[in-house]
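Chemist: Residue numbers (the numbering used here), protein chains in the order written: chain P, 1 to 248; chain Z, 1 to 248; chain B, 1 to 248; chain H, 1 to 248; chain R, 1 to 248; chain S, 1 to 248.
Take the hints with a grain of salt, since some may be wrong.
[What the hints assert, rightly or not] Calculated cross-link-like contacts (lysine to aspartate or glutamate; reagent style EDC-like; alpha-carbon spacing at most 16 Å): (1) R:Lys236 <-> B:Asp153; (2) R:Lys174 <-> P:Glu141; (3) Z:Lys174 <-> B:Glu178; (4) S:Lys240 <-> H:Glu21.
[Unchecked claim] Not close to chain S: a few residues of chain R, all C-beta gaps over 10 Å, as computed: (5) Gly18; (6) Val101; (7) Gly115.
[Claimed, not checked] What follows is a list of derived Cβ distance ranges for each label pair: (8) Z:Glu199 <-> S:Arg173: 36 to 42 Å; (9) P:Ala166 <-> Z:Arg30: 53 to 59 Å; (10) P:Gly74 <-> Z:Gly18: 54 to 60 Å; (11) Z:Arg202 <-> H:Val38: 23 to 29 Å; (12) Z:Lys174 <-> H:Asp97: 25 to 31 Å; (13) H:Asp97 <-> Z:Arg24: 47 to 53 Å; (14) Z:Glu199 <-> H:Asp97: 15 to 21 Å; (15) S:Ala125 <-> Z:Glu199: 49 to 55 Å; (16) B:Gly36 <-> P:Glu177: 47 to 53 Å; (17) R:Arg45 <-> B:Ala238: 20 to 26 Å; (18) P:Glu23 <-> H:Glu170: 38 to 44 Å; (19) Z:Lys174 <-> H:Pro19: 28 to 34 Å; (20) R:Lys73 <-> B:Lys73: 52 to 58 Å.
Hint data in this document are derived by calculation from the structure and do not stem from the laboratory.
In this text, a Cβ means the ideal position worked out from N, Cα and C, and glycines have one as well.
Protein chains: 6
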Amino acid sequence: MSKRIVYQLVAPLHLTAGPAEVERRQEFLRAHAAPGFVLEAWPTRQGRAAIESDTDALLASPEILAGVCRAQKGGADAAIIGCFGDPALEAARESVDIPVVGAGEAAMLLALQLGYRFSVISPIAQGAGRRDAHVRRLGLESRYASTRGLGIDIASMANGSVDPRAAVIEAGRKCVEEDGADVLVLGCMSFSFLGFTGEAQREIGVPVVNPVIAALKAAETILAHGLHFSRRSWPKAAPKPHPQSIEE
Amino acid sequence: MSKRIVYQLVAPLHLTAGPAEVERRQEFLRAHAAPGFVLEAWPTRQGRAAIESDTDALLASPEILAGVCRAQKGGADAAIIGCFGDPALEAARESVDIPVVGAGEAAMLLALQLGYRFSVISPIAQGAGRRDAHVRRLGLESRYASTRGLGIDIASMANGSVDPRAAVIEAGRKCVEEDGADVLVLGCMSFSFLGFTGEAQREIGVPVVNPVIAALKAAETILAHGLHFSRRSWPKAAPKPHPQSIEE
Amino acid sequence: MSKRIVYQLVAPLHLTAGPAEVERRQEFLRAHAAPGFVLEAWPTRQGRAAIESDTDALLASPEILAGVCRAQKGGADAAIIGCFGDPALEAARESVDIPVVGAGEAAMLLALQLGYRFSVISPIAQGAGRRDAHVRRLGLESRYASTRGLGIDIASMANGSVDPRAAVIEAGRKCVEEDGADVLVLGCMSFSFLGFTGEAQREIGVPVVNPVIAALKAAETILAHGLHFSRRSWPKAAPKPHPQSIEE
Amino acid sequence: MSKRIVYQLVAPLHLTAGPAEVERRQEFLRAHAAPGFVLEAWPTRQGRAAIESDTDALLASPEILAGVCRAQKGGADAAIIGCFGDPALEAARESVDIPVVGAGEAAMLLALQLGYRFSVISPIAQGAGRRDAHVRRLGLESRYASTRGLGIDIASMANGSVDPRAAVIEAGRKCVEEDGADVLVLGCMSFSFLGFTGEAQREIGVPVVNPVIAALKAAETILAHGLHFSRRSWPKAAPKPHPQSIEE
Amino acid sequence: MSKRIVYQLVAPLHLTAGPAEVERRQEFLRAHAAPGFVLEAWPTRQGRAAIESDTDALLASPEILAGVCRAQKGGADAAIIGCFGDPALEAARESVDIPVVGAGEAAMLLALQLGYRFSVISPIAQGAGRRDAHVRRLGLESRYASTRGLGIDIASMANGSVDPRAAVIEAGRKCVEEDGADVLVLGCMSFSFLGFTGEAQREIGVPVVNPVIAALKAAETILAHGLHFSRRSWPKAAPKPHPQSIEE
Amino acid sequence: MSKRIVYQLVAPLHLTAGPAEVERRQEFLRAHAAPGFVLEAWPTRQGRAAIESDTDALLASPEILAGVCRAQKGGADAAIIGCFGDPALEAARESVDIPVVGAGEAAMLLALQLGYRFSVISPIAQGAGRRDAHVRRLGLESRYASTRGLGIDIASMANGSVDPRAAVIEAGRKCVEEDGADVLVLGCMSFSFLGFTGEAQREIGVPVVNPVIAALKAAETILAHGLHFSRRSWPKAAPKPHPQSIEE
């Protein structure tokens, strides 16, 4: 019997980029899924058009968490949080019993199997300190070369008005030549749904990890293995009797 | 002329513990403030009674951020986020121009000046992994001994029905004797407003940092020094035209 | 069209444990493979019965490397080196163009997605220093709790005369309770082919990663993603004109 | 009742730069002190004109320690060691019961609250390795970007014949643009008493921490909090019956 | 009575570079040995001409291990493995009772006594990631500046057709000026037997560690001190009854 | 021609323990020196009887530095600072041109070649935090297990009234069994001159490094190799025109 995996988008893309973009992303996921896994891409019900700051992440997080909770309630077998910064990941693991995969975490851990040192290519010009802290939190800093930002607006990529390919390839080359990276990770899901990692790795000459695919495969792996995350790390969040909480 | 500092509580304590508790905490802050600083303790308008998980932190964060934004709009000179886990801290720094201090960060950095190795005493039984990641994110792990949790309900402390003193002292002793800590940090604001760090350090024999006071003094320090946090670390979050965002 | 993955065993198990054991392991792999992947388990042509020391690993390595080279020559799409210590992994990546997965590396990276801190359960009583160095080489030490060894002979497990289940569960409990592990990794392939990780995680209460399955899924992930390891990390080994070299 | 804090200068500035310079520094301290704290700047009785090497630090240390001991004997409530390298800090903590603050330590810990990564601007051209070791000793290396030295003579700054402002600003810009610093720390007290951190941060665009003010505020914080350093870290130094020791 | 130390070469240099080169290296060792130590340089019986990759190291390792075992059987008091990558070092320590020194390990540890931060100069153009992992495995990464590779063929150096001096000096200067190294380590034994570290340090202006001499002195130190490596780290490898193993 | 090495004692042992003890230590050194090296043990001219705190180290440092300067002036080829805490080591390297070896540094680096993880046995009951900081400064913390203190008075050992052997062996066993050490380092020179490391390693079963011998051999190594420490790390301390400085 098939396993259902919900890929939780972190913006109301049906409103901001249109339903066709949601559909296109769902198709991308389905095209990369292993047989036996059914993928659904769910936009958030409301929120900003993209996550480009910690503020955006914070404001999107309750909706992301609500989405993951709905995914479990609706019978999904696993959920993926579709944002490189892994917003709401810890809370989601506390709140549901199905495995929850973070796209940034999954992509960086896959990169470690492909080369000694990785760099992240970010759409945001000034996000390196934030990403360094993310990497440090994961304990991976001795394998991390750099984050380079492009200064490209995510919403413009999501609706197709800007094509980041050339900028990604140029930044990737600098990560390799100046920062010592052996492998690259796309640090943005909108890049990733453009499906040009193959082209990018041919141009740059090093592996380029797509976090959408990395997260999808991590979810498949955890389900196929019959694993679950540790309740010692993320104890079940106790329900709390307050009207403003998300469940109500 | 006096400087105003808003201490942003992370729960609607006026509803959950009553207005007197808010008042009591404000008095505690005022009693510890240097001359020339006026302290106000603000509860959130709504939310859960306490932050005891990443889920709680996530759900409280939009209200915390809104509070810090209101503080700036209301003319405050600095804000403190009154929770050891530093929820919404990065987002708040992106969103306002006044300094924003995190109580956990301030307390751990103060502890580093008082001994070689610190431990954190947490109300929550199972929060060590979460705190380890917090410490790692801050890059302080080589000075960190342990986190020990008590398994005490925060709301019960906040409303006075449970007194954690004996449990804190017992856990503190174990941090020192078994984990090698030289200095302790209270990892919960409800502990901290009970004002027993003096008693605890006499009993345990090592310094005990109160994150309420550490955060207050950090805010005073930053204001007196004329400093501000770095916009390279926390770039100004761009306003975004979406109706569901917090500003509207 | 199906992808072929060769799981390179690190001992001549057909000689030491018998062809049925090789067959049994191949069936275990096939039972866990995703549709579209065909798994083959290849014993080495000669060598010691098991890898229980750096000496064993060294002596087995030329045969392991030769096996991976034969796998590529025979049309395999990827290879897995079936030993927790990842012997010959770097050399294999230099020597072939197909992806090569190390079971230890894959298992530890999967564990990082399941909990804050992992421990390894090893059959060998005294292997902790060696494993620590392996973890340090991978840059993962800040997420690593401990290695605990059982003092069980691998060959006896491989031929079925010793059942390690009870010992694994007991050691796993100590990793959790005394060393602070949130997730466990089986540090031996003979444990892993017994297929009791489900039972172990029920008993111990934390996730237990099976490196056989972790490696298999890592290989599937890399192939499905169209990735390859970085030639900057593992440059193509130049052929060398000396009669004793492996090619001849 | 007021608290007295002795700021222990690390050179006989009354002899080398003149009593007016001592007076000027004391006024600078008083201008930045919170109400209720009385600051005194004490030169050492003898010694070299400035600390620009480990040799200078070593030779100045007995006088610094003697000064801190005299401060306690004279009724001071806390002492600050006014040198970025924190000479005699550990010994002073062993030798007295009042809190002793190190200016370098206090400044770097304050910087951590203002940005992800800090650099130090040093007067000495070749001091980076020494500063790296200081940072490593404090366990802060993952938040540290670089030290840049100017090659400026400290005594010339102290007596006013050289103005380092332009050089500091230029070096600070390189720390930010080339080394990735988000926040700067002045690594010299003579820089710091010139009081141009406000100007420097406007010019460079990132926060600039003044270690004089950082140390002063750390001392105020520790006193206001009722804290003391840990006797487990710095046990009380036993008096020793030898005629050449400092006490006699 | 004299102590005998076998310097185990890692290639059949008598075949590939000629017996005179083996003799020349033995003379170099003898010229640097302390009185009371007799040095012998032993080529491997077969193998590739040089170790320039992990593949080369792997293929050479059984012969290196066999050489160390023969050295003990022949009455040697210690053995040195003469390759910067320390191939077969762990296995050799498991397999014999005499001390075994790794040239890379000995050289890097000596460098730490001569300056804050070291770089390695490698003949191989692309070996930095491999060397980084070696350094990380040893736990020395916070003292490590960089590895720079020259792209010079080791066999050509060994037979005298290429002289690497100018290239080493140029790379060394870059390590110092661009990477922040204070001390250099030659990362290749063929460089090292040319005996130009004195010239190199005069030209570059920082100490240059010769791993041949470092290893020789480490072996002399361990013997003079009456030390041995720890059996807890490298337990005695159990003999195993399989015909293909090295002993037969 | 012989090379002269001065072993600089850090106390006026001729006064406090008597000239015979100085003589005895010099004989110990000579008994362990390689042919061609002449060892002299020099007490300081004045000072406390032993270094048991940072205060002791600080107060002894000017005399230690003066001794190293006199050693160079008197024609010594190298100097050793005979204290595990390496007092005055950085300053001495700035002040003279001959190599200066620190006994603690040399011993810990030798230990790294003998096992994966080392512990230090200290006479002082409460010195672990101080030693941890020393290890962190050297960048060796990932190979460091623990420091255990005995609470034994150094002067009593130096004059022979207390024999620490049994206590050292008991503490060493705990380092191995409870802290995971594979190799031990004696953290006190008075222990070390008793010459019982052979006995200790037989009793405890792991190597025990004697810092006296480690430092002696490090000095011989540096001289035999023709090395010097890096002037980039320890630039020549400029002479300074002040009457109280040590030179006058």
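Chemist: Could you check the structure against the hints above and give me the numbers of any it violates, in ascending order?
Modeler: 2, 4, 6, 7, 10, 13, 15, 16, 18, 19 and 20
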